[in-house]
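**Student:** Residues per chain, in single letters:
2 protein chains.
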Amino acid sequence: MRIAIPLFDRFTALDAVGPYEVLKFLPDAEIVFVAEQAGPVRDVPKWLALTADAAFDDIDACDVLLVPGGPGARALLDDRPLLDWIRRMHETSAWTTSVCTGSLLLGAAGLLKGLSATTHWGAVDVLESFGATYTPERVVFQSEVVTAAGVSSGIDMALALVARLKDRTTAEAIQLAIEYDPQPPFDAGSPAKAPQAAKDLLKRKFP
Amino acid sequence: MRIAIPLFDRFTALDAVGPYEVLKFLPDAEIVFVAEQAGPVRDVPKWLALTADAAFDDIDACDVLLVPGGPGARALLDDRPLLDWIRRMHETSAWTTSVCTGSLLLGAAGLLKGLSATTHWGAVDVLESFGATYTPERVVFQSEVVTAAGVSSGIDMALALVARLKDRTTAEAIQLAIEYDPQPPFDAGSPAKAPQAAKDLLKRKFP
Numbered sequence: 001m002r003i004a005i006p007l008f009d010r011f012t013a014l015d016a017v018g019p020y021e022v023l024k025f026l027p028d029a030e031i032v033f034v035a036e037q038a039g040p041v042r043d044v045p046k047w048l049a050l051t052a053d054a055a056f057d058d059i060d061a062c063d064v065l066l067v068p069g070g071p072g073a074r075a076l077l078d079d080r081p082l083l084d085w086i087r088r089m090h091e092t093s094a095w096t097t098s099v100c101t102g103s104l105l106l107g108a109a110g111l112l113k114g115l116s117a118t119t120h121w122g123a124v125d126v127l128e129s130f131g132a133t134y135t136p137e138r139v140v141f142q143s144e145v146v147t148a149a150g151v152s153s154g155i156d157m158a159l160a161l162v163a164r165l166k167d168r169t170t171a172e173a174i175q176l177a178i179e180y181d182p183q184p185p186f187d188a189g190s191p192a193k194a195p196q197a198a199k200d201l202l203k204r205k206f207p
Numbered sequence: 001m002r003i004a005i006p007l008f009d010r011f012t013a014l015d016a017v018g019p020y021e022v023l024k025f026l027p028d029a030e031i032v033f034v035a036e037q038a039g040p041v042r043d044v045p046k047w048l049a050l051t052a053d054a055a056f057d058d059i060d061a062c063d064v065l066l067v068p069g070g071p072g073a074r075a076l077l078d079d080r081p082l083l084d085w086i087r088r089m090h091e092t093s094a095w096t097t098s099v100c101t102g103s104l105l106l107g108a109a110g111l112l113k114g115l116s117a118t119t120h121w122g123a124v125d126v127l128e129s130f131g132a133t134y135t136p137e138r139v140v141f142q143s144e145v146v147t148a149a150g151v152s153s154g155i156d157m158a159l160a161l162v163a164r165l166k167d168r169t170t171a172e173a174i175q176l177a178i179e180y181d182p183q184p185p186f187d188a189g190s191p192a193k194a195p196q197a198a199k200d201l202l203k204r205k206f207p
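Sequence order for the protein chains is A and B.
Here the first sequence stands for residues 1 to 207, numbered as in the UniProt record's numbering.
Here the second sequence stands for residues 1 to 207, numbered as in the UniProt record's numbering.
Derived by calculation from the structure, the hints in this document are not laboratory data.
It is possible that some hints are incorrect.
Given that identical chains are not distinguished, each listed pair holds provided it fits within a single copy or across any two copies.
With a straight-line cut-off of 25 angstroms between C-alpha atoms, the simulated PhoX-like cross-links for lysine-lysine are [to be verified]:
| hint | residue 1 | residue 2 |
| --- | --- | --- |
| 1 | LYS166 | LYS199 |
| 2 | LYS166 | LYS193 |
| 3 | LYS46 | LYS205 |
| 4 | LYS203 | LYS193 |
| 5 | LYS203 | LYS166 |
All chains should be built: construct the whole structure from the sequences, respecting the hints.
**Tutor:** Here it is in structure tokens:
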């Protein structure tokens with residue numbers, strides 16, 4: 001089973017690496033990181049580079065497509081090489097998935113029209129501009145299209161996906177392997193839960 | 001504030017990238033990935049490479065040291081270049097931290113003697129062989145040494161660390177930014193919670 005993860009300039013690494021770390025335990029998985037050109041791809045603020053081992057032209061089919069988001073996603077909403085490749089992958093994939101603003105790339109590729117979907121809480125308007133209906137859930141399954149909310153939600157999505165690709169016991173074994181027994185020290189992970197001071201600080205520092 | 005993250009052959013990417021994605025939001029942070037030699041470093045099963053932008057010899061001090069784990073960690077418990085560098089960093093760091101079996105590297109470097117510490121649930125014996133007392137908690141602060149449990153626990157540790165490095169509101173703002181409102185679809189993230197079938201499968205498939 002081939003799982004393809006596209007990378008692009010200014011992606012968010014945890015969007016890709018969270019689900020990668022779950023899916024790599026699938027017994028018959030082969031995971032490939034892909035970019036317009038093979039080689040290192042930088043995040044923001046350029047302290048981290050992940051290597052794309054293949055170029056878009058090298059990969060013409062996959063079983064699972066997993067599109068991460070990041071600040072760079074919004075700059076690629078009319079990028080033909082990436083969007084054309086996403087559309088081609090969607091023709092062969094059993095599951096087309098996104099994390100965070102990766103959903104905007106699925107939307108820009110025309111794959112979310114008429115579907116319920118989720119995204120990072122700060123990207124709802126853009127998501128809906130592509131004809132999707134925003135659903136404030138952490139993971140949204142819509143037939144073969146799966147979207148996850150912001151950044152860290154990709155871990156939850158990947159575990160749910162493993163249960164469908166394989167079975168629940170395999171997903172539970174992987175959850176145990178990565179000791180995913182989350183205990184956040186604070187309860188501020190969504191706009192509904194975060195204190196106003198945290199929301200104000202985020203807006204001021206990272207508008 | 002310089003945060004240094006060492007990489008080594010067969011590391012676990014989420015151990016490093018989870019906390020990285022939190023700490024990179026710190027207003028005055030500068031994060032550098034380091035390895036014995038600069039260049040790409042591969043995980044298991046070699047599908048993912050992160051770039052080390054510096055060699056150990058290039059970095060002679062840091063404010064925060066964050067040591068990831070992974071299958072490769074156990075092969076490095078007498079690796080002089082890595083352990084010597086960890087000891088040198090610990091002399092200057094305000095916080096010396098580990099995720100998963102990164103704690104074994106801190107232990108092998110002699111930094112955990114007489115301290116309480118945590119690690120991946122499957123590495124408790126090795127941890128204690130270095131003179132540490134295993135504490136079955138997700139994050140253990142012991143003066144300036146902080147250890148986290150398996151893989152995904154690094155996110156929890158990093159948020160707790162931000163609250164000490166800066167303040168609680170900053171940690172909450174970052175938690176909101178990465179939408180860390182975990183909703184695992186199953187409740188199998190620790191040996192105490194995982195069904196026996198999942199434990200058996202993990203043992204059989206990934207002994």
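**Student:** With 25 angstroms as the alpha-carbon cut-off, assign the pair LYS46 and LYS205 to within, between, both or neither.
**Tutor:** Intra 18 angstroms, inter 37 angstroms, cutoff 25 angstroms: intra-copy only.
**Student:** When no copy is specified for LYS166 and LYS193, does a C-alpha distance of 25 angstroms or less occur within a copy, between copies, both, or neither?
**Tutor:** between (34 angstroms within a copy, 21 angstroms between copies)
**Student:** Is the C-alpha distance from LYS203 to LYS193 at most 25 angstroms within one copy, between copies, in both cases, or in neither?
**Tutor:** within (16 angstroms within a copy, 38 angstroms between copies)
**Student:** At most 25 angstroms between alpha carbons: which applies to LYS166 and LYS199, within, between, both or neither?
**Tutor:** between (39 angstroms within a copy, 16 angstroms between copies)
**Student:** For LYS203 vs LYS166, is the C-alpha pair at or below 25 angstroms within one copy, between two copies, both, or neither?
**Tutor:** between (41 angstroms within a copy, 17 angstroms between copies)
Comparing the model with each numbered hint stated earlier shows that all of them hold.
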